[in-house]
Amino acid sequence: MNERDDATSATAGGADLPLLSVRHIVQEYVSRGPGGVKAGIVHAVSDVSFDLGVGETLGIVGETGSGKSTLARATIQVERPKSGEVWFKGRNLVELSKRELRHARRDIQMVYQDPFGSLNPRWRVEDVVAEPLIGHTDLGKAQRRARVTELLDLVGLNPDVYLRRRPLELSGGQAQRVAIARAIATNPALIICDEAISSLDVLIQAQIMNLFEKLRAELGLSYVFIAHDLATVKQLSDVVAVMHLGQLAEVGTAERVYGSPRHPYTRALLDSIPGLDPETGIARRPVTLRGEPPSPLHPPSGCRFRTRCPRAQDTCAVEEPRPVDVGGGHRVACHFPLETEPTVSVESLRASMPVRSPVRAGPVA
Amino acid sequence: MKTLEDTAVPVTAEIHPDAVLLVEDLRVTFARSGPPVHAVNGISYQLRAGQMLAIIGESGSGKSVSVRALMGLLPPSARITGSARLVGTELVGLDERSMRQIRGRDIAMVFQDPARSLNPTMSVGAQIVEAIRTHRREVRKAAAADRAVELLKLVRLPAAERRFHEYPHQLSGGMRQRVMIAIALASNPKVLIADEATTALDVTTQAQIMELLVDLQQRLGTAVVIISHDLGLAASYADEVLVMYAGRIVEQAETAALFRNVRMPYTKALLGAIPQLSTPSHSLLAVIGGQPPDLSALPPGCAFEPRCPRADEQCTVRPELTEHEPRHRYACWHPHLDADRATPPEGAVTEGEGQS
Chain G
48 MNERDDATSA
58 TAGGADLPLL
68 SVRHIVQEYV
78 SRGPGGVKAG
88 IVHAVSDVSF
98 DLGVGETLGI
108 VGETGSGKST
118 LARATIQVER
128 PKSGEVWFKG
138 RNLVELSKRE
148 LRHARRDIQM
158 VYQDPFGSLN
168 PRWRVEDVVA
178 EPLIGHTDLG
188 KAQRRARVTE
198 LLDLVGLNPD
208 VYLRRRPLEL
218 SGGQAQRVAI
228 ARAIATNPAL
238 IICDEAISSL
248 DVLIQAQIMN
258 LFEKLRAELG
268 LSYVFIAHDL
278 ATVKQLSDVV
288 AVMHLGQLAE
298 VGTAERVYGS
308 PRHPYTRALL
318 DSIPGLDPET
328 GIARRPVTLR
338 GEPPSPLHPP
348 SGCRFRTRCP
358 RAQDTCAVEE
368 PRPVDVGGGH
378 RVACHFPLET
388 EPTVSVESLR
398 ASMPVRSPVR
408 AGPVA
Chain X
40 MKTLEDTAVP
50 VTAEIHPDAV
60 LLVEDLRVTF
70 ARSGPPVHAV
80 NGISYQLRAG
90 QMLAIIGESG
100 SGKSVSVRAL
110 MGLLPPSARI
120 TGSARLVGTE
130 LVGLDERSMR
140 QIRGRDIAMV
150 FQDPARSLNP
160 TMSVGAQIVE
170 AIRTHRREVR
180 KAAAADRAVE
190 LLKLVRLPAA
200 ERRFHEYPHQ
210 LSGGMRQRVM
220 IAIALASNPK
230 VLIADEATTA
240 LDVTTQAQIM
250 ELLVDLQQRL
260 GTAVVIISHD
270 LGLAASYADE
280 VLVMYAGRIV
290 EQAETAALFR
300 NVRMPYTKAL
310 LGAIPQLSTP
320 SHSLLAVIGG
330 QPPDLSALPP
340 GCAFEPRCPR
350 ADEQCTVRPE
360 LTEHEPRHRY
370 ACWHPHLDAD
380 RATPPEGAVT
390 EGEGQS
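If you read the sequences in order, they're chains G and X. Letter by letter, the first sequence follows residues 48 to 412 of the numbering used here. Letter by letter, the second sequence follows residues 40 to 395 of the numbering used here.
By construction, these hints were calculated from the structure, which means they are not laboratory data. Be careful, since some hints might not be right.
Per the computed footprint, the stretches of chain X lying under chain G, defined by three or more beta-carbons under 8 Å from a beta-carbon of chain G, are [claimed, not checked]:
1) 196-208
2) 268-274
3) 295-305
The structure presented is a predicted model; accordingly, all values stated were derived computationally and were not measured. For each residue, glycine too, the CB sits at the ideal point set by N, CA and C.
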């Protein structure tokens, strides 16, 4: 049962058993054309493996269609994966019956992008947050109410004000806090956040990110944090996985993946971010990656990134690169990985930022 | 007790010779059953040919409403006052018929969601041809089709001739946004407004679209207004930045000057709330609490006062947007000046959480 192969635990220091071990997950869909004719297979997730330690946060980044959300859904068995294993607290979730799974979900909860879409608009906040308690615990009515009050306090909503409100009477940030209160109601070990802060305003985003950090510290939560925003993921994660067209291009500690990325795709993503140094006020104009992401219906042969890769050679079209450990649990799937850069300090990063092109002359007003 | 209302003097006193758009004391109020909503409360700015201006703010700051007002895209409940002159033509109070002439021809807009802005039942090419012939009936269909392919090449849509015949659902999000830009450029407008045009796109596609906008602005001399919540985006591409809060401009300067010397605590707060690639994992962001004010019950003083870490009694009187430094305006009684640059923004907590 413990034959978790290529145990490249990203858990730095090699703690005890990881909380979550995903092995060789494959998820494919049949795409149908007009008249229901089979048009092809969408390779949504192709052989992805990772580990998540207790109290750790794994960030998953990648473009639209890279399979981030599909991977999350296959992990918690919302959609059963085509093949692969998901070990959570010593049990393989893939083999559990529906009934057993429902029980296991007490320990894994999800927070989605649109809080209004995931909260019943006709229920009051109190009922929304109490619902998982009814299914998963045997608390009485008064105990449930006490627990809901406690939960709202924890996520920074005054229970006296918000208990009786309905979701549409809340702002986006408040609604997301309610969704989080609901997610932590049953004391889960793991929370999967799928673009949970992407639709919020900058200042509210920062509040919710700090809330996630607070809950992590106070409740010992583990997170899988899926987002397309690389800086957000960096801020929250211990380990970061970069997904490209259904595969993991690179996995490693946040410091290593961002500080010295080895996969050209990771480099390209990082170079695409419009940056701004808050202290010097110097902006960094992005370097663009050419071309469109290929279709998951017909992924390129060999390395799936080769059509956009500046380093691609003939081998890349023939042979699919396997993830290779380049040290310290940092895995890279590339035939021609980038050289290790010296550990980047904030100062050198700042110095390397090209000064933006001079502003065209002319008075402001 | 001077407030902006008392001083009816236009803020943009000196008109630039290249100015294509001149907005003065623009106000937008929405009537409804309750108290009216004051979405835009007296903003003034000018836009020069070939300039890229960024309007930054949170939801409800009035950034979108202020430009939609210029294009006559607001519902009938909106009451618009003030002035907005597009190369001499007054847009405020213009009848729908004349507005239709100007919209798309002189001023065009690209929206956040290209999938919803395009007609799913028409080929991409047909939609561009329609845009071309709306304003110039005399152009023959064949000529318009040639021009459409040219436009698709201009916006760097790969395989333009083939894509001409394709439908929106056959294109990716980035390609659809390129088509939207091609449509917006169909009659060579003087002003192009991109309202959160790259927000829904991937970071890689966003960089491509922004590069395209910069290229068009430089090659065609189009003035571009980008409306965004993303300070990093504005800092990287715009020449000038306006920061809006509760329907007013609270800080305005050339990009480099603004971000080197952020004065207004609200701009500072926005900046502090952005996660940085250079900070270690699990560090907390400097956040300010509270919500933007209710636009139907704005405080008499500075609208940011209830959330501002620097606020005191003086802030119950609204500070005017004033040019305190050359080409740098801000509306604040207690700006962050150079002397306190070394200190982190108030409320900043950084915690080196130990990792398990």
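Structure-based check of all given hints:
| no. | hint | verdict |
| --- | --- | --- |
| 1 | 196-208 | violated (count 1) |
| 2 | 268-274 | holds (count 6) |
| 3 | 295-305 | holds (count 6) |
Violated hint for the displayed structure: number 1, the only one.
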